[in-house]
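Please work from the sequences and hints to get the whole structure.
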Amino acid sequence: MGELLKLPNIGKILEEQLKEVGIKTVEDLEKIGSKEVWISIKKIDNSACYSKLCALEGAIQRIRWHNLSDEDKKNLKNFYFSYK
0 MGELLKLPNI GKILEEQLKE VGIKTVEDLE KIGSKEVWIS IKKIDNSACY SKLCALEGAI
60 QRIRWHNLSD EDKKNLKNFY FSYK
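Numbering (numbering that gives the first Met the number 0) for the sequence shown: 0 to 83.
Hint data in this document are derived by calculation from the structure and do not stem from the laboratory.
Don't be surprised by glycine CBs; every beta carbon is placed ideally from N, CA and C.
There may be inaccurate statements among the hints.
[To be verified] In silico DSS-like links for lysine-lysine, alpha-carbon gap of 27 Å or less: (1) 42 - 11; (2) 23 - 72; (3) 42 - 73; (4) 23 - 34; (5) 41 - 73; (6) 11 - 76; (7) 18 - 30; (8) 72 - 18; (9) 76 - 30; (10) 30 - 42.
[Unchecked claim] If you anchor each label on the Cβ, the simulated ranges turn out as follows: (11) 1 - 81: 26 to 36 Å; (12) 7 - 69: 27 to 37 Å; (13) 69 - 18: 28 to 38 Å.
The following block contains the structure:
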């Protein structure tokens, strides 16, 4: 099991996408941040959605993405819709 798979919200497919965009460690994910990593994934997977963005942020915070604060969800939603 890879290091990234130990994080909440990260399954095999997302782990593969992370590796494909150059995220190989938890530290890489934390350093770059959920928004920038999501943008990189969106370039290789046009179906990358708001839930995937939240999953990345939840992984960084070490919580299930459903448990993100309302403020974090609002911030991510605003980012997601401004990016589209």
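Here is how each hint holds up against the structure:
Using a Cα cut-off of 27 Å, the hinted pair residue 42 and residue 11 holds, with the two alpha carbons roughly 19 Å apart. For the given pair, residue 23 sits about 25 Å from residue 72 by alpha-carbon distance, which is consistent with the 27 Å threshold. Taking the CA atoms of residue 42 and residue 73, the gap is near 23 Å; set against the 27 Å cutoff, the hint holds. For the suggested pair residue 23 and residue 34, the alpha carbons sit about 17 Å apart, so the restraint of at most 27 Å is met.
The straight-line distance between the Cα atoms of residue 41 and residue 73 is roughly 20 Å, inside the 27 Å bound, and the hint therefore holds. Distance hint between residue 11 and residue 76 is fulfilled; the C-alpha atoms sit about 25 Å from each other, no more than 27 Å. Straight-line distance between C-alpha atoms of residue 18 and residue 30 comes to about 15 Å, which keeps the hinted pair within the 27 Å bound. Annotation: proposed proximity of residue 72 to residue 18 holds, straight-line Cα distance about 25 Å (limit 27 Å).
Restraint check for residue 76 and residue 30: satisfied, since their Cα atoms lie roughly 21 Å apart, inside the 27 Å limit. For the proposed pair residue 30 and residue 42, the alpha carbon gap of about 19 Å is at most 27 Å, so the pair holds. Between residue 1 and residue 81 the C-beta distance comes to about 32 Å, which sits within the given range of 26 to 36 Å. Between residue 7 and residue 69, the C-beta spacing of about 18 Å breaks the proposed range 27 to 37 Å.
Range check, residue 69 to residue 18: Cβ separation about 32 Å, and the 28 to 38 Å hint holds.
Hint 12 from the list above is the single one not met by this structure.
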